[in-house]
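When you get a sec, could you build the whole thing from the sequences and use the hints?
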Amino acid sequence: MVMVRLESISKSFAGKDGPVSALDRIDLSIAKGEIFGIIGSSGAGKSTLVRLINLLERPTGGEVFVAGERVTDARGERLRELRRSIGMVFQHFNLLSARTVARNVAYPLELTGRYGKDEITEKVARLLARVGLSEHAHKYPRELSGGQKQRVGIARALACEPQVLLCDEATSALDPQTTGAVLDLLRQINRDLGVTIVLITHEMDVIRRTCDRVAVIDRGRVVEQGPVTDVFLHPRHPATLRLVREAEPDGGSLEAISASELGSSTVRLTFTGPNAHRPILGRIARENVVDYAILAGRVGHIREAPYAQFIVSLSGRDIAGAIAGLRASGVDVELQGGPQTEQTAVTSPRVGERALHVV
Amino acid sequence: MSFENIYWGDIAAALGQTLAMVGGALLLTIVVGLPLGILLFLTGRQQLFQAPVAYGSLSFVLNIIRSVPFIILLIVLMPVTVLVTGTSLGIRGVIFPLVVGTSPFFARLVETALREVDRGIIEASLAMGASTSQTILRAVLPEALPSLFAAVTVTAIVLVDYTAMSGAIGGGGLGDLAIRYGYHRFQTEIMLVCVAILIVFVQLIQAGGNRLVTHFSCR
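As given, the protein sequences belong to chains A and B, one line each in that order. Going by the working numbering, the first residue of the first sequence is number 1, and it counts up by one from there. Going by the working numbering, the first residue of the second sequence is number 1, and it counts up by one from there.
Check the hints yourself; a few may be wrong.
A partial selection of chain B residues facing chain A, derived with a Cβ cut-off under 8 Å [unchecked claim]: (1) 35; (2) 126; (3) 128; (4) 129; (5) 130; (6) 131; (7) 134; (8) 145; (9) 161; (10) 189; (11) 207; (12) 208; (13) 209.
Away from chain A, derived, C-beta distances all over 12 Å, residues of chain B [said to hold, decoys possible]: (14) 12; (15) 13; (16) 24; (17) 119; (18) 122; (19) 157; (20) 170; (21) 210.
If you are wondering where the hints come from, they were derived from the structure by calculation, not from laboratory data. Predicted, not measured: the structure shown is a model, and the values here were computed from it. The beta carbon of each residue, even a glycine, is placed where N, CA and C say it ideally should be.
Structure, rendered in structure tokens:
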């Protein structure tokens, strides 16, 4: 079932010399219960995009559907009701500094006017227990660490039992360790409550660890989308490549290797799932009497699933046999194009670039 | 100069009048100025009810009032004062012009205080399904409380200043006493006593205001 659907959404802002387009005909479909990532560099329009879902921003064109209902022009009580069904977590937490932790979490409940005092107290206690802040209930936000503040933000966003949770750069103001803990909490909430999560970030690492599917936004357009495994391991668009490379320790590039070294026997091998832990490459090399040099590689996890990806130069007797053997073992093999002449490098720089990168 | 023939009774009465004028006018200034300040805030650029024409008009009127020196405003307003309160004399006759004089000033301070509230907090409140009035009453005003107390403090001190002037046109109070005895009758000691009391009074207002600001600062 589709939880959030954006149909040909455009958004432009009034600028000095006429309207400036921020988003251009965006189509997105987010399934119920999934963690959907939206990634892009700053200024790509992802913050605007997420604000269109709860209509903090109004689209200049297109339609927004939430839970199958067209909400594009919802106003008044209907709009407030919609927003109650969509929790939102912010980069800078946006907690009320004049309220204690417990009263921050109580805030959205008070707004509805539907709950008695005791009911609110009880709900708040349960929410704080969920995010592990029970003992901080009576502190003020200024007394909390960044990670704790964001936990308050998450508890507050969950108070009205939303169907969707929007996270706008929720971990960008946190240190790496805290980021991990907050992402774990979000995944746990997604598992336990079945809340659909839309996660905006500029860090591919956050997507890799948390999301089921991802859309890449570049200059106001969706340039690539799909399961995280596909987009992360086989990025196609230059913007995606750039974002994936940023997440690699050495930039994941093979720039040091000249194009001529990448012979026709240079292949990109991707091992996913259990294959990532099996000694496939060595066995195939032995069986087909080939040698291999690993030119670049990366190993890690996408959510819990391990992956390994190498660019390997093969030499020896039966290269074709080795490639066939690898494929038969379930390894994804991509030929990295032959040695390039000056001309191809000039006329199709993207092909050239792809051949040079692991990602 | 001798402090023996000071009319302590008169001074006490004048102090009472000053307190009544400052207190009454302050209360009414808050009642009038706070909504005006909220209106300025809401209709301002890039705010919740952005309305350039409404903002511009209100701003213009408030600026006109603020441009008129208070002593002139007192005189100009006299007919209106008589219409509203029945007299232009005494405490009753002076509170109306005091409120007219300080409300625009207070409204500006309120506008500034509310603008200082983090926009993210307003956005978060709206995202949680709050209406605009809920956002103002439950999020923006509580967040701005320290600045609002600071604004009230400054306004109270301005009011002390203005009551002295209003004394000149028959309002009574310490300022009036200081002018009548100290200036017109060359009894410098009475003027000094009045001034000393005013200094203490202003210090107390400032100290009290500071305490409130600190107490409500949660940041």
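Each hint, compared with the structure:
Against a cut-off of 8 Å between C-beta atoms, the interface hint on residue 35 of chain B is violated, since the closest Cβ of chain A lies about 21 Å away. Here the hint on residue 126 of chain B is kept, as its CB sits about 6 Å from the closest CB of chain A, short of 8 Å. Look at residue 128 of chain B: its Cβ gets to within about 4 Å of chain A, closer than 8 Å, so that hint holds up. The interface hint given for residue 129 of chain B is met, as the beta carbon of that residue sits about 4 Å from the closest beta carbon of chain A, less than 8 Å.
With 8 Å as the threshold, the beta carbon of residue 130 of chain B comes within range of chain A, its nearest partner Cβ sitting at about 5 Å, so the hint holds. Restraint check, residue 131 of chain B versus chain A: the minimum CB separation of about 6 Å is within 8 Å; hint holds. The beta carbon of residue 134 of chain B comes within 6 Å of a beta carbon in chain A, closer than 8 Å, and the hint placing it at the interface holds. A least Cβ separation of about 6 Å between residue 145 of chain B and chain A falls short of the 8 Å threshold, and the interface hint therefore holds.
A hinted interface residue such as residue 161 of chain B counts as satisfied when its beta carbon comes closer than 8 Å to some beta carbon of chain A; here the least separation is about 31 Å, so the hint is violated. Of the supplied interface hints, the one on residue 189 of chain B is violated, with its beta-carbon coming no nearer than about 48 Å to a beta-carbon of chain A, more than 8 Å. Hint status for residue 207 of chain B relative to chain A: violated, with the closest Cβ pair at about 23 Å, above 8 Å. The criterion of a C-beta within 8 Å of any C-beta in chain A is not met by residue 208 of chain B, whose closest approach is roughly 20 Å, and the hint is violated.
Checking residue 209 of chain B against chain A by beta carbon gives a least distance of about 18 Å; that is not within 8 Å, so the hint is violated. For residue 12 of chain B, the non-interface assignment is confirmed: its Cβ lies about 40 Å from the closest Cβ of chain A, beyond the 12 Å cut-off. The beta carbon of residue 13 of chain B is kept farther than 12 Å from every beta carbon of chain A, the shortest such distance being approximately 41 Å. With 12 Å as the threshold on Cβ separation, the claim that residue 24 of chain B sits away from chain A holds: the shortest Cβ distance comes to roughly 29 Å.
For residue 119 of chain B, the requirement that its beta carbon stay farther than 12 Å from each beta carbon of chain A is not met, with the minimum near 9 Å. The beta carbon of residue 122 of chain B sits about 9 Å from the closest Cβ of chain A, which is not more than 12 Å, so the claim that it is off the interface is violated. Against chain A, the non-interface label of residue 157 of chain B holds: every CB pair exceeds 12 Å, the least being about 25 Å. Residue-level check passed: residue 170 of chain B sits 44 Å from the nearest beta carbon of chain A, beyond 12 Å.
With a minimum CB-CB distance of about 18 Å to chain A, residue 210 of chain B clears the 12 Å threshold, and the non-interface call stands.
Hint check: violations occur at hints 1, 9, 10, 11, 12, 13, 17 and 18; the rest are consistent with the structure.
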